[in-house]
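Visitor: Each chain is listed here by its residues.
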Amino acid sequence: MKALRKFMDKIQPSFRPGGKLAKLESVYDGMETFLFTPNATSRSGAHIHDGNDLKRTMITVVVALIPALLFGMYNIGYQHYLAIGQPDAGWFTMFLFGLLALLPVIVVSYAVGLGIEFIGAQIHHKEIQEGFLVTGILIPLIVPINTPLWMTAIATAFAVIFAKEVFGGTGMNIFNVALITRAFLFFAYPSRMSGDEAFVKVDSAFGMGDGSMIDTFTGATPLGQIATNVGDSLQMTNILGEPISCLDAFIGLIPGSPGETSMIAILLGAALLLITGIASWRIMCSVFVGGLAMSALVHVLPSATYPASMLDPWTQLCLGGFAFGAVFMATDPVTGARTNVGQYIYGFLIGVFAILIRVYNSGYPEGMMLAILLMNAFAPLIDHCVVSSNIKRRARRAATKE
Amino acid sequence: MATVRLKKGFDIHLLGAITDNAIVDAAKPNTVAVIPDDFHGVIPRMEKKEGEHVAAGEPLYHDKNYEAIKVVSPVSGTVKEVRRGERRHIDAIVIAPDGGSETVTHNIMGDAEQVLLLSGLWVMMRQRPYDVVPVPGVKPRDVFVTAFDSAPLAPDLDVVLGAKRQFIGKGIEVLNSLTDGKVYIGVREGQSIEAPSAEVTTFVGPHPAGNAGVQAANTVPVNKGDTVWTMDIITLARIGELFTTGKVNHETVTAITGEMVQQPHYIKTVMGADLESTLKGELTDVDGSRIICGNVLTGEKTESNQWLRAPYRHITVIPENNKPDEFMGWASLCPSRFSIYRTFTSWLRGLGKPVSMDSRIKGGERAIVRTGEYDAMLPMDIYGEFLIKAIISGDIDKMEQLGIYEIAPEDFALAEFADTSKLELQRIVREGLDRLRAEMS
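In the order they appear, the protein sequences are chains A and B.
For the first sequence, position 221 (counting from the first letter as 1) is numbered 221 according to the working numbering, and the numbering increases by one without interruption.
Each position in the second sequence, counted from 1, maps to that position plus 402 in the working numbering.
Note that these hints are calculated values from the structure, not bench results.
Take the hints with a grain of salt, since some may be wrong.
Stated by the list, open to error - FRET-style restraints, in silico, Cβ to Cβ:
no.: 1; chain 1: B; residue 1: ILE794; chain 2: A; residue 2: ARG192; range: 41 to 47 Å
no.: 2; chain 1: B; residue 1: ARG837; chain 2: A; residue 2: ARG192; range: 49 to 55 Å
no.: 3; chain 1: A; residue 1: ASN340; chain 2: B; residue 2: ARG447; range: 46 to 52 Å
no.: 4; chain 1: A; residue 1: VAL341; chain 2: B; residue 2: ILE794; range: 54 to 60 Å
no.: 5; chain 1: B; residue 1: ARG837; chain 2: A; residue 2: GLY168; range: 21 to 27 Å
Glycine included, C-beta positions come from ideal geometry on N, C-alpha and C.
The shape of chain A in the complex, shown without the other chains (with noise of 0.2 Å):
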């Protein structure tokens, strides 16, 4: 460690004003910081500080999303040799497959969204803040694997400027920024975002996985299939079209962005968020309870012109993108409510809203990235009105007393 500091001193001239590499000076700092806890002493206030901070922060959030991200590249793979018609590839085959399929994407977000960071920064001459770590991972997990690179690198640009930036950077963004990032793909190249091959990788990684797709292929979502369903009844099949069970959607190997497939692994994620106190249980329950009622009150009506609300609540659920955005998308603490009150109130409503523009609104099978980026938009307002009941209750206090 000597010696990486001692080197870290030695080139430290050159970042400095007058410097050559003086226009990089955001970067070394971001390096230093990331490497060394700054010395920095307090100099007002508090001489003691917990040593929680937003690097640490990030930092366990990216932990927490490593299960959902390592069975999203298994499934990856998984789908993809049931595809071409080779099921018994093994499962380090799929895997590996599925992690050359998916580093693609991450080395693009990461690299789109920190070079727009790293030159914000450097800019305003601020320090490089850690809020990209979140959601440099994020979107690679709820972007289509079809979806072309550039696609996903224009999105992440689009998002990380117009989102965030343009706020005032980490912590001062009113949507999130993943989220604004699949928005922006499903509503700039809609074609590509739906249908049968957008969920399903379908093309070879790296020239791994060649073979041509089995004739009876149909790499559509179980929320595809519901939502083109014609009739009474209501079955979801995989890609063989052999049924599937909620069971199968709990594990997650179905077809589906690579990180919002397993319950299984979001539930890991959402374990390490709770214990660690990171996400608020409030948002995140309330997300759930929000989702249950709204599917169970669809339920008592099952309607073949709304064939989604045929299906069980629980199964409900476990489909989709629900899960991952209760546990990683609504609990973001920059975009959600943050007040206690409001925050029940923020959860309960995605959570509603969620089910209801799954199963009312026909033309878009998936209702959860719309539902939460309609209520970041109604977070302030929930927060005022929380806040608004304490200052009136501080008013009236002021008033009997005279």
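Starting from the known structure of chain A, fit chain B onto it as the hints suggest.
Guide: Frame of chain A, contents of chain B only:
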């Protein structure tokens, strides 16, 4: 006797607590100083010049706006130096004690307010709103006295009080004559106090339960337009002593605590004593230490060639930086890296065990990201985060509505410790209060 249970807050247990309640007489100070910054709200206008003689209790300066507010010399001696900083701001008034015991005697039969103002004890009190020295002529709605200090390593005020507790009754009597309301005294569980003419409330819960402002907020909150006074029980006893003997006692019992102190203990010294003689031979390592007059949350960083600061009852010495260039500290899995959050592993070894903490900030300043951190550390009916945001954005109406009149910087000290975003909350609150005060006058 009412009991209030407070759930919010946190008790930080640091190394270097006092185990023995014996009080040792400290060496006679070489110099004594009065630091005008200790009495926020008083703008000094000197009454004594360098070289002039002062008796103990004789005014050194008065306030620019209210000439009646006097700040007095704690010892008899000569004014050695009026140390000035930027823009002729008075940093310290240094007095060389002459060893004499010449002390001003007050006519205690006169108007109590006038006696208090002239005695120099007035500036030991604070008022809400604004957390400043009380404005003369304004009758407080109530007076809140805290009888215990809940801060990390804080002295046991019963020990500091010692035999002076006999003056508590008289002190309450005086304060009762100055307010139309009541004198409230906040005690901790198990603490007994003889105060028949005051309203005694027991507070159960972690720090900041001992803050007079927190106690006020949980008994009779401060509303817009109200003025209340806050002080500690030591000041109350001093007032009682003044109105019994006619003299102000400038002696003080001070707890010397902290990891860098060889043997934490209580000393008896005089207000404003120089630290060089006070701390001689007390510290394990002077260079790597941070000397704090007060507790680790609200105290003032003080160099070893400076003086004991108000409220003169606590010195904490902690390491300045005991882990320079900590490699990837944010990734640490080591349980000794203390955090009240479960993102680190220190909760596994138990947060109640004494820990070593240095003065590093351990992170960069960020926008507020995590929710509820301030509220969890602030046992008041206040949305701390929204109030802080209102202060930062300078929204005076919002500040008022969200309860800025009820708070002092010290109430946010624990939140500042716990803040993941590392904002200087006490500075923000102080600036907000000062700004509001300027706006209202």
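Visitor: Now look at each hint and say whether the structure bears it out.
Guide: Each hint, compared with the structure:
no.: 1; hint: B/ILE794 to A/ARG192: 41 to 47 Å; in the structure: holds, 43 Å
no.: 2; hint: B/ARG837 to A/ARG192: 49 to 55 Å; in the structure: holds, 54 Å
no.: 3; hint: A/ASN340 to B/ARG447: 46 to 52 Å; in the structure: holds, 49 Å
no.: 4; hint: A/VAL341 to B/ILE794: 54 to 60 Å; in the structure: violated, 23 Å
no.: 5; hint: B/ARG837 to A/GLY168: 21 to 27 Å; in the structure: holds, 23 Å
Comparing the model with each numbered hint stated earlier shows that hint 4 is the single one that does not hold.
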